[in-house]
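Protein sequence lines, in the order shown, are assigned to chains A and B. When we follow our numbering, the leftmost residue of the first sequence carries the number 1, and every step to the right adds one. When we follow our numbering, the leftmost residue of the second sequence carries the number 1, and every step to the right adds one.
None of these hints come from the bench; they were simulated from the model. Be aware that a few hints might be false.
[Unchecked claim] The following label-pair restraints were derived from C-beta to C-beta distances:
(1) B/D202 - A/V281: 44 to 52 Å
(2) A/R96 - B/S190: 32 to 40 Å
(3) A/Y60 - B/N212: 52 to 60 Å
(4) B/E203 - A/L82: 50 to 58 Å
(5) B/E203 - A/T11: 49 to 57 Å
[Stated by the list, open to error] Here are some of the chain A residues that sit facing chain B, going by a computed Cβ distance under 10 Å:
(6) L42
(7) A91
(8) R100
(9) I108
(10) M263
(11) V264
(12) A266
(13) Y274
[To be verified] For lysine-lysine, the following DSSO-like pairs were computed, each having C-alpha atoms within a straight-line distance of at most 30 Å:
(14) A/K127 - B/K245
(15) A/K297 - A/K196
(16) B/K245 - B/K2
(17) B/K337 - B/K197
(18) B/K245 - A/K219
(19) A/K172 - A/K297
Fair warning: this is a prediction, and the values are worked out from it, not measured in the lab. We treat Cβ as the ideally placed atom computed from N, Cα and C, and that holds for glycine.
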Amino acid sequence: MRHKDIMDLSTFLQQLTNAASLGSLYSLIAIGYTMVYGILRLINFAHGDVFMLGAYVAFYGVASFALPWWIAFIVAIGLTGLFGILLERIAYRPLRDSPRISLMISAIGASFLIENLGVVIFGGRPKSFPSIPLFDTVLNFGSVSVLSVSLFIPAFTLIILFALLFIVNRTKTGMAMRAVSTDVEAARLMAIDVNKVISFTFGIGSLLAALGGIMWSMKYPQLNPLMGIMPGLKCFIAAVIGGIGNIAGAVLGGFLLGFIEIMVAAFLPALTGYRDAFSFVLLILVLIVKPSGLLGKKQTVKV
Amino acid sequence: MKPRNTLLTALAIAIAALALWFADGTLGSFAMRILNLSAIYIVLSLSLNLVNGFTGLFSLGCAGFMAVGAYVSALLSMTADVKEMNFFLEPLTPFLQNLSLPFPLALVAGGACAAIAGLIIGLPVLRLRDDYLAIATLGFSEIIRVLITNFQSLTNGAQGLKNIPRKATTWTVWGVAAATVAFMALLTRSSYGRQLKAIRDDEIAAEAMGVNVFRVKVVSFTISSFIAGVGGALLGHMITTIDPKMFTFMLTFNILLIVVLGGSGSITGSVVASIAITILMEAMRFLDGPLNLVFLKTDGLPGLRMVVFSALLMAVVLFRQRGLMGDRELSWDGLAKAGLLPRNKKGGMA
Numbered sequence: 001m002r003h004k005d006i007m008d009l010s011t012f013l014q015q016l017t018n019a020a021s022l023g024s025l026y027s028l029i030a031i032g033y034t035m036v037y038g039i040l041r042l043i044n045f046a047h048g049d050v051f052m053l054g055a056y057v058a059f060y061g062v063a064s065f066a067l068p069w070w071i072a073f074i075v076a077i078g079l080t081g082l083f084g085i086l087l088e089r090i091a092y093r094p095l096r097d098s099p100r101i102s103l104m105i106s107a108i109g110a111s112f113l114i115e116n117l118g119v120v121i122f123g124g125r126p127k128s129f130p131s132i133p134l135f136d137t138v139l140n141f142g143s144v145s146v147l148s149v150s151l152f153i154p155a156f157t158l159i160i161l162f163a164l165l166f167i168v169n170r171t172k173t174g175m176a177m178r179a180v181s182t183d184v185e186a187a188r189l190m191a192i193d194v195n196k197v198i199s200f201t202f203g204i205g206s207l208l209a210a211l212g213g214i215m216w217s218m219k220y221p222q223l224n225p226l227m228g229i230m231p232g233l234k235c236f237i238a239a240v241i242g243g244i245g246n247i248a249g250a251v252l253g254g255f256l257l258g259f260i261e262i263m264v265a266a267f268l269p270a271l272t273g274y275r276d277a278f279s280f281v282l283l284i285l286v287l288i289v290k291p292s293g294l295l296g297k298k299q300t301v302k303v
Numbered sequence: 001m002k003p004r005n006t007l008l009t010a011l012a013i014a015i016a017a018l019a020l021w022f023a024d025g026t027l028g029s030f031a032m033r034i035l036n037l038s039a040i041y042i043v044l045s046l047s048l049n050l051v052n053g054f055t056g057l058f059s060l061g062c063a064g065f066m067a068v069g070a071y072v073s074a075l076l077s078m079t080a081d082v083k084e085m086n087f088f089l090e091p092l093t094p095f096l097q098n099l100s101l102p103f104p105l106a107l108v109a110g111g112a113c114a115a116i117a118g119l120i121i122g123l124p125v126l127r128l129r130d131d132y133l134a135i136a137t138l139g140f141s142e143i144i145r146v147l148i149t150n151f152q153s154l155t156n157g158a159q160g161l162k163n164i165p166r167k168a169t170t171w172t173v174w175g176v177a178a179a180t181v182a183f184m185a186l187l188t189r190s191s192y193g194r195q196l197k198a199i200r201d202d203e204i205a206a207e208a209m210g211v212n213v214f215r216v217k218v219v220s221f222t223i224s225s226f227i228a229g230v231g232g233a234l235l236g237h238m239i240t241t242i243d244p245k246m247f248t249f250m251l252t253f254n255i256l257l258i259v260v261l262g263g264s265g266s267i268t269g270s271v272v273a274s275i276a277i278t279i280l281m282e283a284m285r286f287l288d289g290p291l292n293l294v295f296l297k298t299d300g301l302p303g304l305r306m307v308v309f310s311a312l313l314m315a316v317v318l319f320r321q322r323g324l325m326g327d328r329e330l331s332w333d334g335l336a337k338a339g340l341l342p343r344n345k346k347g348g349m350a
């Protein structure tokens, strides 16, 4: 390695675990984007705000209702999933046959609405997420010390990825999802309840966003109503990099983005100020070089 | 144009100018500021409408181009000692330090730099289709903001610029707004404007009819960036301070709201919506402060105002997608048909 003087093995491993957990978080959110895009061809701008909502519901469960953390988390994930289904019903379903620009404007409107409702209801001042001992212990491996949540996050992500791949590729619902994503009209003719499939997709996507939000706030325990904007944008980028519509691609993109961000910040500190710009530069490069993403299928425009 | 319409247009401009002159003399500085802000929003919303409503490209990069215009124009027009006062952390690059241009030149330079940025961004990005284009332009506007925050010796970073000469007077902003409206009206009636609309309605058909789709898109995007840059520069010269935090997606959202509400593809719609939304934004400020409704008392809910506006945007998209005007225009002929113009023997039925 050329940077031997600054980059010894233990810092490298330290940053690697950071990169793995950030990458996992990005992946969890990116999956939601990719599933919704695969089915509706819509960038769900409000996805990042669903992520924020999940974190806040869990926060109130633990901090205000004094629920045991695991009950609070399950409730938060469930409620956020329902919220995602509701969001689709109200903001997207009425526009399904409209031009895509209208759908996107509605998504932007929904995103701003949720953020500002968040400011009104939760307050604009940041809240700090309560510490949960299981996730907050520092583990030492030789010279590398790791927060336990940083190990839980990648583990959870992998379990969820495999569960999701199983659902999509091996179950009847999954088959219906794939059918709707290939051709909505044909799927409807095959007696697939398209609305149900779309609701299910939004539900799953929002569950994952909530899970991501909760784990995010355990790792970076500062909640604010606008916390979903940047992760939301970056995870959409991760989904595009991996090939939008492809679940494994979203995970790959998420990990790639997390890895690049952490490593550049760790080993090229002069560039830290530009951190938020990396992902966008990467996005534009990918879109120019390989618009279908790393694992995506090439799409052609038909007249 | 029919002679009656020319006459009516001239009359309307004269009345508007008279009204402005009257307002400038009688209204307080706060009210004037809002009035002038709506002129700037007219410029900005027309810039977004050009790409969004007329060319059918969903661009979200407005704030970035505004930032370029605002910074360039501010840096070119500030005097050397004001610059010295601003750049106390790190001195400004010597080349710019002693350069001080008259305001109109600085304004055009701001627009031109934004146009160049638009061209550089447009060439790769305009090959993408709708939603990718949206996210890529949004990304570029974020990149511009990050660059501005980090180029301390050129932009003064996060501190922003203060004491920009207050050159955007009532006459300047409304003059620029009127010029933009006139330009857009001429553009959309030209064969070029028809090409834009053809691309919006059906890209493939437009290409088949011999429209050079990519070139027309790039030109439209560049012109729009120029106008956005000028609008941003005017904004800077009106409120006299700018910083990178001003040019977030929030700003683009406001302009998008105006375009959607007015009707994308309608110039008069954008004009009416700009004025209405700017005044409404100020009028609704009470929502953020303490409220005292008989049954409900709050001590200030910052954000409530934006809740109303985002709900408004969603309501328009969900229930009246065409906005106020759809893609039609207010015209003298339309008004005459609706029986709103007094008929006289000479001009009535031409």
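Hints and how they fare:
1. B/D202 - A/V281: 44 to 52 Å: Roughly 33 Å apart at Cβ, these two residues miss the hinted range, so it is violated.
2. A/R96 - B/S190: 32 to 40 Å: 36 Å, holds
3. A/Y60 - B/N212: 52 to 60 Å: Taking Cβ atoms as reference, A/Y60 and B/N212 lie about 56 Å apart, which means the hint holds.
4. B/E203 - A/L82: 50 to 58 Å: 39 Å, violated
5. B/E203 - A/T11: 49 to 57 Å: Cβ of B/E203 to Cβ of A/T11: about 51 Å, so the range 49 to 57 Å holds.
6. L42: 8 Å, holds
7. A91: 6 Å, holds
8. R100: Holds, because the Cβ-Cβ distance from A/R100 to chain B comes to roughly 6 Å (cut-off 10 Å).
9. I108: Holds: closest Cβ of chain B sits about 7 Å from A/I108, inside 10 Å.
10. M263: 18 Å, violated
11. V264: Violated, about 13 Å.
12. A266: 18 Å, violated
13. Y274: 6 Å, holds
14. A/K127 - B/K245: 22 Å, holds
15. A/K297 - A/K196: With a Cα-Cα distance of about 26 Å, the restraint between A/K297 and A/K196 holds, given a limit of 30 Å.
16. B/K245 - B/K2: 48 Å, violated
17. B/K337 - B/K197: 25 Å, holds
18. B/K245 - A/K219: Holds - the C-alpha atoms of A/K219 and B/K245 are around 26 Å apart, at most 30 Å.
19. A/K172 - A/K297: 23 Å, holds
Taken one by one, the earlier hints fail for this structure at numbers 1, 4, 10, 11, 12 and 16, listed in ascending order.
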